[in-house]
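Protein chains in written order, with the numbering used here: chain A, 1 to 116; chain B, 1001 to 1347.
Bear in mind the hints are in silico, worked out from the structure with no lab data behind them. Be a bit skeptical, because a hint or two may be false.
From the structure, some residues in chain A lie toward chain B, with a derived Cβ separation under 10 Å [what the hints assert, rightly or not]: (1) 11; (2) 12; (3) 19; (4) 43; (5) 71; (6) 72; (7) 81; (8) 85.
Keep in mind it's a predicted model, so treat the numbers as computed, not measured. In this text, a Cβ means the ideal position worked out from N, Cα and C, and glycines have one as well.
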Amino acid sequence: MLDQTPLDYVKDLPGFERGHPHYFKDPMIDHLLEIVMMIGGELWVERDRRLIMEHLLESKGSVTQTMVEQFEPDDEMAEKLSTARDHFTKRVFGCLYDTDEHTDVGDFFNVIGKEG
Amino acid sequence: MTQSNYFVDRGMNGNTPALPSRADESFVDYVCEARNTLLHARWKQMGDHGNETLKKHDIKIEHSADCVEQVRDVIAGDMELASFMRIKRSYQEIYKDRIIGSINTQRDDWLRKLDEAETTGPGSLTYDPDFPMPDYAKVQIHIQPRGYVGDDLAGLYYDCGTQIFFGGNNAGDAWHRELAERTALPEDGKVDRILEIGCSVGQLACELKKRNTDAEVWATDISAPMVRYGHWRAIQQDLDVNFAQMASEALEFPDNHFDLVTAHILFHEIPRPVIEKTLAEALRVLRPGGTFVLWDFSSASDEKPGYGGFLGLMDSADNGEPYAPGFVTMEVEKNHRGYGLCYSVYW
Ligand SMILES: C[S@@+](CC[C@H](N)C(=O)[O-])C[C@H]1O[C@@H](n2cnc3c(N)ncnc32)[C@H](O)[C@@H]1O
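Using the sequences provided together with the hints, build the complete structure.
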């Protein structure tokens, strides 16, 4: 039998509700970073789609929305997309962590073996 | 036009359905990549930095709202900590919201699929629409709106979302397969009945079934959306696993019934009184000589604070893990050795 004694205290524990924390003294900095992270994602979505379209055009000669949606990369293409994503992230956010990596990841188009 | 006509079928990624659009999938891939680079790679460094900074401010970590507020003031004065915490929280928010938004474009289709699976096998499904859900289980866990129990599609959100938690490396349930292989079986070799408690979508139970094909396997969870989806997911793999909605602290099985009982990352998500009852229940249903295998966060110690330190406290407050600090400070592996094996993963 499930014990129905309520554990009232749980609702007051930090983390029970999602809340809206901010971390900088000025919450506008939080918002700016949030926007940057979101834009990073939207930009990657566009690049990913363009890479797939170029790949389909080269290999099939045509491209449709359904082909893009159902595209399943082979190992080589999956590796290319993953490398491009890795370098994209490092180039965009490298300044946030202590490494020189972001300065030498090379041109995006060279990385994925295209001329751009 | 029904939803299903409108969308292209994007198939499965391993045992997990692909998100309804390529755009959402690539957005989630980006979050996964960025988290690996910006968060996971700096985890230890930022944890140490946070712990040292709190020491400098003479703040002793306590699991309380007051302490969290004190720590927030410290974070606001340290740009490195503030940016780390901001990134951690924002990625959590944007991927949860993206996945949930994406899946909900096919909500009606999914609800129909889950309904249809209810009367289909292999395996069985038991749940109670009037289950008396305790308040503690209604937490917005991992800042997921409506948590594990308040949305009929919570199981599918969990399946797609944890692909990110596992760093993008769990397609095909590789992690759960490894756990199933590492699971210590009873020494006498008899494994007729297996129980997983807090099974979520049943990945471990399914892998245990693959390893012990003749065993009767039960996958239980307090959340109906989890077991309903878990049942659908097991059917896709043609696995005969029995899913049941059941609280781990009130197992509806006879004494000495199972040869193996497992719990993987359940314990840090339930309050201490429930942990105590769950331990007792797991032992009650386990036969003499059976094994109880528990995987969860390591206990916190002064030398290795882990979840008991800066990052844990803030994860608990800002990532919907209200019970984890209570778990890591009860030293379950020290105080409950007799319960069987206890491996620690994560942290
Ligand atoms: C982190 S998930 C477990 C993950 C899963 N075992 C795996 O291997 O992927 C925690 C699960 O515990 C369930 N849960 C929470 N409280 C519970 C309780 N009292 N009894 C049973 N399940 C519970 C939640 O609904 C959730 O699905």
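Consistency of the hints with the structure:
no. : hint : result
1   : 11   : holds, 7 Å
2   : 12   : holds, 7 Å
3   : 19   : holds, 7 Å
4   : 43   : holds, 9 Å
5   : 71   : holds, 7 Å
6   : 72   : holds, 8 Å
7   : 81   : holds, 8 Å
8   : 85   : holds, 5 Å
The structure fails none of the hints (numbered hints given earlier).
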